[in-house]
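> Residue numbers (numbering that gives the first Met the number 0), protein chains in the order written: chain A, 0 to 291; chain B, 0 to 288.
Simulated from the structure, these hints should not be mistaken for laboratory data.
Every value quoted in this text rests on a predicted model; they were computed, and no experiment measured them.
Among the clues, some could well be false.
[Stated by the list, open to error] Some chain B residues close to chain A (C-beta under 7 Å, calculated; not the full set):
hint	residue
1	TYR11
2	PRO28
3	TYR31
4	THR41
5	SER44
6	GLU45
7	ALA71
8	VAL72
9	ILE108
10	GLY149
11	MET151
12	VAL172
13	GLN222
14	GLN225
15	GLY246
[Stated by the list, open to error] Below, computed lysine to any residue pairings styled on SDA-like, alpha-carbon distance capped at 25 Å:
hint	chain 1	residue 1	chain 2	residue 2
16	A	LYS116	B	LEU22
17	A	LYS116	B	LYS68
18	A	LYS193	B	LEU22
19	A	LYS116	B	ALA7
20	B	LYS68	B	HIS202
Note that the Cβ used here is the ideal one computed from N, Cα and C, for glycine as well.
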Amino acid sequence: MAEITQAVRIRDRSWVQRRVRFGARAAAVYLVLILMGITSLLPFFWMLSTSFKETETLFEYPPQFIPAEPTLANYAFLFNRTNILRYTLNTAIVTLGTAATVIIFGSMAGYAFAKLKFPGRNYIFFGLLGGLMVPFEVLIIPLFVLIVRMNMANTLQGIIFPMAAGPFGIFVMRQYLLSIPDELLDAARVDGAKEFTVFWRIVMPMSKPAIAALGTLIAIGAWNSFIWPLVVTSREEMRVLTLAISILQLEYRGLYGTMMAAATVAFVPALIIFLLFQRYFVQGIALSGIKG
Amino acid sequence: MRRSQRRALTGYLFVLPAVLLFLMFLAIPLLYSAGISLFRWTGMSEATFVGLSNYSRLLTDRVFWLSMKATAVYAVMVIPATTAAALLAAIFVNQGLRGTNVFRSLIFIPVITSSVVIAVVWNFIYQGGEVGLLNAILRLVGLPGHIWMGDMLTALPAIAVIGVWSRFGWFSVLFLAGLQDIPVEQREAAEIDGASEWQAFWHVTLPLLRPTIALVMVLAAIQSFQVFDVVFIMTEGGPYYSTHVLGYYIWTEAFRGLRMGYASAMSYVLFGSIMIITFIQLRILRPAT
Numbered sequence: 000m001a002e003i004t005q006a007v008r009i010r011d012r013s014w015v016q017r018r019v020r021f022g023a024r025a026a027a028v029y030l031v032l033i034l035m036g037i038t039s040l041l042p043f044f045w046m047l048s049t050s051f052k053e054t055e056t057l058f059e060y061p062p063q064f065i066p067a068e069p070t071l072a073n074y075a076f077l078f079n080r081t082n083i084l085r086y087t088l089n090t091a092i093v094t095l096g097t098a099a100t101v102i103i104f105g106s107m108a109g110y111a112f113a114k115l116k117f118p119g120r121n122y123i124f125f126g127l128l129g130g131l132m133v134p135f136e137v138l139i140i141p142l143f144v145l146i147v148r149m150n151m152a153n154t155l156q157g158i159i160f161p162m163a164a165g166p167f168g169i170f171v172m173r174q175y176l177l178s179i180p181d182e183l184l185d186a187a188r189v190d191g192a193k194e195f196t197v198f199w200r201i202v203m204p205m206s207k208p209a210i211a212a213l214g215t216l217i218a219i220g221a222w223n224s225f226i227w228p229l230v231v232t233s234r235e236e237m238r239v240l241t242l243a244i245s246i247l248q249l250e251y252r253g254l255y256g257t258m259m260a261a262a263t264v265a266f267v268p269a270l271i272i273f274l275l276f277q278r279y280f281v282q283g284i285a286l287s288g289i290k291g
Numbered sequence: 000m001r002r003s004q005r006r007a008l009t010g011y012l013f014v015l016p017a018v019l020l021f022l023m024f025l026a027i028p029l030l031y032s033a034g035i036s037l038f039r040w041t042g043m044s045e046a047t048f049v050g051l052s053n054y055s056r057l058l059t060d061r062v063f064w065l066s067m068k069a070t071a072v073y074a075v076m077v078i079p080a081t082t083a084a085a086l087l088a089a090i091f092v093n094q095g096l097r098g099t100n101v102f103r104s105l106i107f108i109p110v111i112t113s114s115v116v117i118a119v120v121w122n123f124i125y126q127g128g129e130v131g132l133l134n135a136i137l138r139l140v141g142l143p144g145h146i147w148m149g150d151m152l153t154a155l156p157a158i159a160v161i162g163v164w165s166r167f168g169w170f171s172v173l174f175l176a177g178l179q180d181i182p183v184e185q186r187e188a189a190e191i192d193g194a195s196e197w198q199a200f201w202h203v204t205l206p207l208l209r210p211t212i213a214l215v216m217v218l219a220a221i222q223s224f225q226v227f228d229v230v231f232i233m234t235e236g237g238p239y240y241s242t243h244v245l246g247y248y249i250w251t252e253a254f255r256g257l258r259m260g261y262a263s264a265m266s267y268v269l270f271g272s273i274m275i276i277t278f279i280q281l282r283i284l285r286p287a288t
């Protein structure tokens, strides 16, 4: 009897020890995660907080994370004295235009490479895929010359087309469509549907998850793009937000509150896209097959 | 028309728009750039054929070598740090504790943010005196402040910190996918054999992650060789060329100096460097056979 209670007690103790060890372990994991979370968020919090401060209170020590007297003066300055609404509209058009082009052309080509048979199919596909390796720096100068010659400098389509030319969308859509069973498409073809009807009525609706993933990745990339708009636009009213901010920070050097307000205007829409489509975003990274 | 011919035609029509866009804005510019690199050209005037002299001039251009050095130092700082931070983040998120997905989202927020926004915000954080948040925090814990972006020794590391901070969340997604592919039994088997958790990680998990590590390092290398936006906003290559990376030199030569040929030659050197580094890394990190 005594031996049994002894055994039970030993088991109990080891259970308690394990439990404590597990608790300490979980606490350590959470601690590291919280530190990483704070590191990731702190600059944005500081941006937001500064955007609501009067210039005179910017440099108070110790730093004020919550402004004592929050003000909208920086935003008022931004909206009254600069063309920020126009820049935001330009950015939105570039974002939608790039995403739409990549999605439509990408899913058409992706469908053909995955499901249609034609001579040279694989050669063409791998030729396109090679384009993934080309760094944008190599293309900037000839693209600039080309766009100027085509009279598309200082136009939004001049910003959009070169950004939508990469093979990434084709690749993602092909990867996804390979997993759709042929029988489904054949059934529709037997019923006499034209290839474009099959594509539009069956393939596109079935590809919604891939389209959402691709669209989110491309939209965020286009919203944030900088070097190409910098090269191809010189007129003030054609600026996108990133370009406008880079110029504002030279014009209003030292007006940190206004700069942080402008940064917030550029940041929040990307954040909203991400929060809405987060699930697709992560899937998109996996879908692109770059997981190896 | 035969049925197979009609199907082939349909296929070509479906790929046509994407292929045209690709040829026009990627393939042809790629070749055009190689051509431009053989000329002296302002972009407007008559171009003069100079053969390979744009490339040979690079060898004696001091600023070019300073740019190569800044790019290499940046890459050496960013690649391992990003890989390590991403792996660490993935491991901690993957512990299966409640609510850890929230943290996966949090570390992703810098990834989806414009590099211009990031540069403007960090520029403010790095300000000298007590203006900047970093110096204010240092003062709170009793450490002296510093003019981070004005010092040759700290400007490039300060930019590298931003590079790691803004990219590791992306790569941690790749590591998470890699970790979740590893069967639980493999690690449990090791632990039953008496391996400590650390040993199990070192001898079981890490070798299985090798392909993911290779991929992440290659992608981080490609990205770090192309750094531009943050340098453009924060330092314009200074102080004293310490942050004058190759991407920035290409841009200034092309669009400030109007030396299109010289800049094109440099862009091909950048392209070549990226290919060589990728090849070497893939060779080193190739799965042991």
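> So, for every hint listed, does it hold in this structure?
Here is how each hint holds up against the structure:
1. TYR11: Given a least distance of 6 Å, the restraint on B/TYR11 holds.
2. PRO28: Constraint on B/PRO28 satisfied, holds at 4 Å.
3. TYR31: holds (4 Å)
4. THR41: It is violated, given that the least Cβ distance between B/THR41 and chain A is near 11 Å, above 7 Å.
5. SER44: violated (13 Å)
6. GLU45: At 14 Å from the nearest chain A Cβ, B/GLU45 fails the 7 Å test, so the hint is violated.
7. ALA71: Status violated, d = 16 Å.
8. VAL72: violated (19 Å)
9. ILE108: Holds, because the Cβ-Cβ distance from B/ILE108 to chain A comes to roughly 6 Å (cut-off 7 Å).
10. GLY149: At about 15 Å, which exceeds the 7 Å cut-off, the nearest Cβ of chain A leaves the hint on B/GLY149 violated.
11. MET151: violated (22 Å)
12. VAL172: B/VAL172 check passes; min Cβ-Cβ to chain A is 5 Å, inside 7 Å.
13. GLN222: Status violated, d = 10 Å.
14. GLN225: holds (6 Å)
15. GLY246: At 6 Å from the nearest chain A Cβ, B/GLY246 passes the 7 Å test, so the hint holds.
16. A/LYS116 <-> B/LEU22: Distance of about 22 Å is within 25 Å: holds.
17. A/LYS116 <-> B/LYS68: violated (49 Å)
18. A/LYS193 <-> B/LEU22: violated (28 Å)
19. A/LYS116 <-> B/ALA7: Since the Cα atoms of A/LYS116 and B/ALA7 sit roughly 6 Å apart, the hinted pair holds (cutoff 25 Å).
20. B/LYS68 <-> B/HIS202: Violated: B/LYS68 and B/HIS202 sit about 36 Å apart, past 25 Å.
The structure fails hints 4, 5, 6, 7, 8, 10, 11, 13, 17, 18, 20 (numbered hints given earlier, in ascending order).
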